[in-house]
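Enquirer: Read off the chains here:
Protein chains: 4
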Amino acid sequence: MEKTEKQVMYRTAIAKASAEDVLIRGYSLRCLIGNLSIAGLCYLLVKGVMPSESEGKMLDAILVACAEHGVRPPSIQAARQIASGGVQFQACVAGGILALGDSHGGAIEDAMNVLAAGVAAMESGAGVDEAARQILAGSKERKQRLPGYGHPTHAQDPRTTRLFELAREHGIYGKCCRLAESIAQQTKPVLGRDLPLNVDGGVAAILSEMGFDPRIGKGIFAASRVFGIVAHVFEEKLREKPMAHLPARDLIQYDGKELICGK
Amino acid sequence: MEKTEKQVMYRTAIAKASAEDVLIRGYSLRCLIGNLSIAGLCYLLVKGVMPSESEGKMLDAILVACAEHGVRPPSIQAARQIASGGVQFQACVAGGILALGDSHGGAIEDAMNVLAAGVAAMESGAGVDEAARQILAGSKERKQRLPGYGHPTHAQDPRTTRLFELAREHGIYGKCCRLAESIAQQTKPVLGRDLPLNVDGGVAAILSEMGFDPRIGKGIFAASRVFGIVAHVFEEKLREKPMAHLPARDLIQYDGKELICGK
Amino acid sequence: MEKTEKQVMYRTAIAKASAEDVLIRGYSLRCLIGNLSIAGLCYLLVKGVMPSESEGKMLDAILVACAEHGVRPPSIQAARQIASGGVQFQACVAGGILALGDSHGGAIEDAMNVLAAGVAAMESGAGVDEAARQILAGSKERKQRLPGYGHPTHAQDPRTTRLFELAREHGIYGKCCRLAESIAQQTKPVLGRDLPLNVDGGVAAILSEMGFDPRIGKGIFAASRVFGIVAHVFEEKLREKPMAHLPARDLIQYDGKELICGK
Amino acid sequence: MEKTEKQVMYRTAIAKASAEDVLIRGYSLRCLIGNLSIAGLCYLLVKGVMPSESEGKMLDAILVACAEHGVRPPSIQAARQIASGGVQFQACVAGGILALGDSHGGAIEDAMNVLAAGVAAMESGAGVDEAARQILAGSKERKQRLPGYGHPTHAQDPRTTRLFELAREHGIYGKCCRLAESIAQQTKPVLGRDLPLNVDGGVAAILSEMGFDPRIGKGIFAASRVFGIVAHVFEEKLREKPMAHLPARDLIQYDGKELICGK
Numbered sequence: 021m022e023k024t025e026k027q028v029m030y031r032t033a034i035a036k037a038s039a040e041d042v043l044i045r046g047y048s049l050r051c052l053i054g055n056l057s058i059a060g061l062c063y064l065l066v067k068g069v070m071p072s073e074s075e076g077k078m079l080d081a082i083l084v085a086c087a088e089h090g091v092r093p094p095s096i097q098a099a100r101q102i103a104s105g106g107v108q109f110q111a112c113v114a115g116g117i118l119a120l121g122d123s124h125g126g127a128i129e130d131a132m133n134v135l136a137a138g139v140a141a142m143e144s145g146a147g148v149d150e151a152a153r154q155i156l157a158g159s160k161e162r163k164q165r166l167p168g169y170g171h172p173t174h175a176q177d178p179r180t181t182r183l184f185e186l187a188r189e190h191g192i193y194g195k196c197c198r199l200a201e202s203i204a205q206q207t208k209p210v211l212g213r214d215l216p217l218n219v220d221g222g223v224a225a226i227l228s229e230m231g232f233d234p235r236i237g238k239g240i241f242a243a244s245r246v247f248g249i250v251a252h253v254f255e256e257k258l259r260e261k262p263m264a265h266l267p268a269r270d271l272i273q274y275d276g277k278e279l280i281c282g283k
Numbered sequence: 021m022e023k024t025e026k027q028v029m030y031r032t033a034i035a036k037a038s039a040e041d042v043l044i045r046g047y048s049l050r051c052l053i054g055n056l057s058i059a060g061l062c063y064l065l066v067k068g069v070m071p072s073e074s075e076g077k078m079l080d081a082i083l084v085a086c087a088e089h090g091v092r093p094p095s096i097q098a099a100r101q102i103a104s105g106g107v108q109f110q111a112c113v114a115g116g117i118l119a120l121g122d123s124h125g126g127a128i129e130d131a132m133n134v135l136a137a138g139v140a141a142m143e144s145g146a147g148v149d150e151a152a153r154q155i156l157a158g159s160k161e162r163k164q165r166l167p168g169y170g171h172p173t174h175a176q177d178p179r180t181t182r183l184f185e186l187a188r189e190h191g192i193y194g195k196c197c198r199l200a201e202s203i204a205q206q207t208k209p210v211l212g213r214d215l216p217l218n219v220d221g222g223v224a225a226i227l228s229e230m231g232f233d234p235r236i237g238k239g240i241f242a243a244s245r246v247f248g249i250v251a252h253v254f255e256e257k258l259r260e261k262p263m264a265h266l267p268a269r270d271l272i273q274y275d276g277k278e279l280i281c282g283k
Numbered sequence: 021m022e023k024t025e026k027q028v029m030y031r032t033a034i035a036k037a038s039a040e041d042v043l044i045r046g047y048s049l050r051c052l053i054g055n056l057s058i059a060g061l062c063y064l065l066v067k068g069v070m071p072s073e074s075e076g077k078m079l080d081a082i083l084v085a086c087a088e089h090g091v092r093p094p095s096i097q098a099a100r101q102i103a104s105g106g107v108q109f110q111a112c113v114a115g116g117i118l119a120l121g122d123s124h125g126g127a128i129e130d131a132m133n134v135l136a137a138g139v140a141a142m143e144s145g146a147g148v149d150e151a152a153r154q155i156l157a158g159s160k161e162r163k164q165r166l167p168g169y170g171h172p173t174h175a176q177d178p179r180t181t182r183l184f185e186l187a188r189e190h191g192i193y194g195k196c197c198r199l200a201e202s203i204a205q206q207t208k209p210v211l212g213r214d215l216p217l218n219v220d221g222g223v224a225a226i227l228s229e230m231g232f233d234p235r236i237g238k239g240i241f242a243a244s245r246v247f248g249i250v251a252h253v254f255e256e257k258l259r260e261k262p263m264a265h266l267p268a269r270d271l272i273q274y275d276g277k278e279l280i281c282g283k
Numbered sequence: 021m022e023k024t025e026k027q028v029m030y031r032t033a034i035a036k037a038s039a040e041d042v043l044i045r046g047y048s049l050r051c052l053i054g055n056l057s058i059a060g061l062c063y064l065l066v067k068g069v070m071p072s073e074s075e076g077k078m079l080d081a082i083l084v085a086c087a088e089h090g091v092r093p094p095s096i097q098a099a100r101q102i103a104s105g106g107v108q109f110q111a112c113v114a115g116g117i118l119a120l121g122d123s124h125g126g127a128i129e130d131a132m133n134v135l136a137a138g139v140a141a142m143e144s145g146a147g148v149d150e151a152a153r154q155i156l157a158g159s160k161e162r163k164q165r166l167p168g169y170g171h172p173t174h175a176q177d178p179r180t181t182r183l184f185e186l187a188r189e190h191g192i193y194g195k196c197c198r199l200a201e202s203i204a205q206q207t208k209p210v211l212g213r214d215l216p217l218n219v220d221g222g223v224a225a226i227l228s229e230m231g232f233d234p235r236i237g238k239g240i241f242a243a244s245r246v247f248g249i250v251a252h253v254f255e256e257k258l259r260e261k262p263m264a265h266l267p268a269r270d271l272i273q274y275d276g277k278e279l280i281c282g283k
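Protein chains in written order, with this note's numbering: chain E, 21 to 283; chain X, 21 to 283; chain B, 21 to 283; chain S, 21 to 283.
Don't read these hints as lab results, they were simulated from the structure.
The beta carbon of each residue, even a glycine, is placed where N, CA and C say it ideally should be.
Some hints could be false.
[Stated by the list, open to error] Here are the computed distance ranges between Cβ atoms for each label pair: (1) E:LEU258 x X:THR173: 48 to 54 angstroms; (2) X:VAL69 x E:ALA137: 33 to 39 angstroms; (3) B:LYS277 x S:ARG162: 55 to 61 angstroms; (4) S:PRO262 x E:ARG188: 47 to 53 angstroms; (5) E:GLU189 x B:GLY276: 39 to 45 angstroms.
Between the sequences and the hints, there should be enough to build the whole structure, so can you do that?
Expert: Given below as structure tokens:
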């Protein structure tokens with residue numbers, strides 16, 4: 021059996037269940053329940069160490085900020101469509117989470133990488149505004165959308181404004197946040213139009229300040245938006261009949277071929 | 021267009037995004053960020069009203085209690101297998117959530133329905149132990165597993181013990197919790213073996229005390245376990261190579277037909 | 021290790037891969053490629069035995085009949101919404117498949133169970149029309165929708181008509197099909213309005229004639245509709261921008277509370 | 021309403037359902053049922069035109085070749101784990117499909133892009149073996165795995181061998197297939213070890229010969245493997261109990277911190 025053990029052995033440093041308790045990152049779950057918030061546990065699970073009080077509250081605010089934005093985003097549309105097919109609750113939730121891809125919450129990871137490059141430039145001597153201009157110029161040259169900026173509904177994203185207020189209060193606001201704001205201020209001169217720092221961009225800056233790995237971006241967003249998705253699936257199941265959201269026939273435009281072969 | 025509007029109109033009482041803010045159940049998201057925990061927001065989203073401080077803390081403890089239980093449950097196995105196929109982060113998380121079906125977290129809803137029936141019996145005059153015995157006898161007669169009791173790892177579920185402690189502290193412990201405990205105590209005399217109140221059953225009793233609709237059971241569990249799933253997907257992506265968890269060949273038993281037709 | 025082997029041993033009678041070949045239900049995959057259609061392989065995989073030529077063609081026709089029905093069904097809406105979030109191709113397909121629940125393709129299994137009960141009545145001496153009337157009367161009494169009957173678009177489902185034509189040609193049409201048609205003919209006198217045998221009901225009758233287990237219903241439908249879903253995801257990715265299908269703002273009705281707490 | 025119509029209008033050239041029929045790429049579904057195989061319909065749905073007889077049979081063979089490879093791949097493991105959580109049939113299938121990412125079937129798209137670059141070099145005058153060497157040298161230099169080559173089980177992939185035999189019979193074998201085989205033959209001299217053309221690589225070459233867009237790669241693979249996944253979910257549901265596949269405790273290695281905080 022030796023040669024096969026290697027293949028099936030699961031390694032994990034996250035948790036271990038025993039008869040008496042569950043050990044999470046070395047802490048007794050029995051002790052954590054009632055003493056640590058779910059936001060604090062999220063920090064512990066992902067980073068492997070306990071958050072300070074400020075870090076726990078900051079992450080809690082981030083989870084609240086991204087949790088819900090109405091019925092329009094693809095994640096909610098998908099979850100409610102799936103629910104209308106007569107599907108188990110958790111599977112509808114899963115369908116909503118699927119939609120949180122590169123264009124829907126996915127900007128957090130990309131924005132964290134952009135900020136990391138800017139901070140590296142600052143550590144090599146560039147001023148914050150200069151680093152911001154370089155990032156904007158690079159984005160303009162490559163004709164790529166700058167991740168974390170612009171929003172179809174908000175000219176100024178109220179969630180980012182509030183999160184940065186809290187970051188200052190908690191002593192978390194630092195060079196990543198400054199850089200992110202400098203970029204926003206220079207979108208008009210460099211790109212020709214004002215692009216606000218949206219919630220993805222604001223969250224990216226604060227997660228960067230707290231030392232999170234950029235690759236957790238989609239995970240944090242999913243762990244937040246799941247709360248909104250759960251509420252919408254619940255509402256759909258209580259209020260609507262199956263197949264309730266078929267788009268109106270008049271609003272579908274078939275622009276393919278007409279009858280080629282008929283009986 | 022009138023006849024079609026009915027078909028595409030989405031109704032929702034959860035949230036509304038405007039240029040300046042997002043309104044969640046009537047509350048400004050700008051105000052909620054930093055003032056309400058994500059557990060409190062979960063309560064607001066699902067029930068439509070603000071939690072008291074005790075209710076917010078109780079729900080927070082429930083979310084912590086269900087978030088993580090090691091690498092063995094199907095939800096974690098599925099999420100890590102999917103990650104090993106080279107899949108986007110959120111889609112691995114969705115795959116884990118899919119597994120939270122009737123046999124994995126799904127007992128909360130069923131247990132809430134069982135407790136509701138017992139409470140109805142108590143309101144018609146039965147004592148708590150009598151109501152418990154009726155439930156156990158009914159389950160025995162129908163040869164159905166009693167939802168919320170028994171656990172493969174824990175002879176006494178430490179999460180339930182701790183949650184009930186907190187329910188007492190917060191003044192939430194009431195007849196649903198009493199009934200749930202009475203059932204556990206009588207499993208030995210009625211069913212012939214001790215079945216502890218597991219975390220699903222404990223959560224069911226406390227959600228019932230707080231007036232939650234049983235149909236939210238799988239949703240609350242998914243919103244909690246998503247944190248463990250996110251941590252495992254993150255670990256898988258950082259530590260393991262693609263296709264890392266193929267079960268050992270010697271551990272698969274093909275018990276179908278042998279070669280019927282060969283070249 | 022003995023005590024653990026039991027836990028990890030996977031049993032399967034479906035297939036076994038070796039260095040030289042893959043054995044599927046005892047047949048060499050090398051031989052199957054080019055000699056058996058994918059519909060025939062579906063039969064072999066699910067039933068464990070080779071289809072006759074007629075059975076293979078009949079199942080192929082069923083897969084074609086259920087594969088695509090335009091952009092309106094929840095499965096397609098969900099898949100395209102997910103695609104618009106910037107998501108990997110296969111995950112969009114998975115999201116579409118999720119929607120194929122009890123109210124969307126799920127009627128096949130229920131309809132097969134209804135037909136099995138009717139056939140049992142016929143074997144106990146009831147005539148086909150009598151068995152049909154009993155089924156309709158039972159459905160009326162329990163106020164349950166009869167699975168496999170009625171369609172929002174088709175007054176007469178063209179797919180069922182064609183499938184039954186083929187079932188006759190291939191000698192597969194028998195008492196299940198006769199019963200299914202008799203039920204349709206008696207919907208007007210018993211229920212008060214004409215309900216056509218829809219494609220779920222037609223497929224249920226034919227799968228029953230071929231001896232399929234009702235529990236495969238959702239699986240066969242998923243294996244068919246996956247082809248339509250793949251085409252729609254592909255079209256979405258080639259033709260549309262991210263976040264393309266946000267429903268119009270004017271078509272969402274927020275009917276919850278207005279501002280309770282503002283800054 | 022004019023300004024909103026643009027937002028909700030769904031455009032599609034795939035299909036249109038009317039009261040009497042469903043039009044697929046201009047063809048009557050009523051006529052297609054019984055006259056076109058599901059493989060042929062797949063071709064029609066994706067490419068928008070009817071396949072020739074050879075193209076239809078070739079795509080059928082591809083769907084058969086990729087449909088099933090035993091219980092070990094992540095897609096099957098995930099689907100069966102999810103099924104063991106007590107989950108609806110179609111949601112287990114969806115979970116299996118999720119796993120078909122960049123490292124599991126995803127090589128088809130990448131391999132098609134590699135072959136397209138090689139064919140472009142051939143059109144600029146390079147011989148087939150020279151184009152193959154350039155591709156291998158580039159892959160070696162960038163230290164990237166060459167998509168479509170190598171397999172953990174098969175030293176020579178029997179599925180590719182058989183598919184290429186059929187491609188010759190159907191007059192589809194051309195420069196993409198030649199190039200793919202030349203690359204395989206030169207893996208030993210250039211990379212130092214023999215890497216067979218695996219089924220992803222073989223399918224990539226043949227889809228390229230038939231003019232498919234590389235971006236359909238994961239879609240074709242998903243539409244094929246769905247048949248194997250359906251069979252495994254069905255077997256799991258019929259044969260196994262919930263939570264059946266927990267990995268053995270002794271085979272999980274917790275390598276995180278030990279108890280830091282206990283009650």
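Enquirer: Now tell me, hint by hint, if it's right for this structure.
Expert: Taking the hints in turn, this is what the structure says about them:
| no. | hint | result |
| --- | --- | --- |
| 1 | E:LEU258 x X:THR173: 48 to 54 angstroms | violated, 35 angstroms |
| 2 | X:VAL69 x E:ALA137: 33 to 39 angstroms | violated, 45 angstroms |
| 3 | B:LYS277 x S:ARG162: 55 to 61 angstroms | holds, 57 angstroms |
| 4 | S:PRO262 x E:ARG188: 47 to 53 angstroms | holds, 50 angstroms |
| 5 | E:GLU189 x B:GLY276: 39 to 45 angstroms | violated, 30 angstroms |
The structure is inconsistent with the numbered hints 1, 2 and 5, although it conforms to all the rest.
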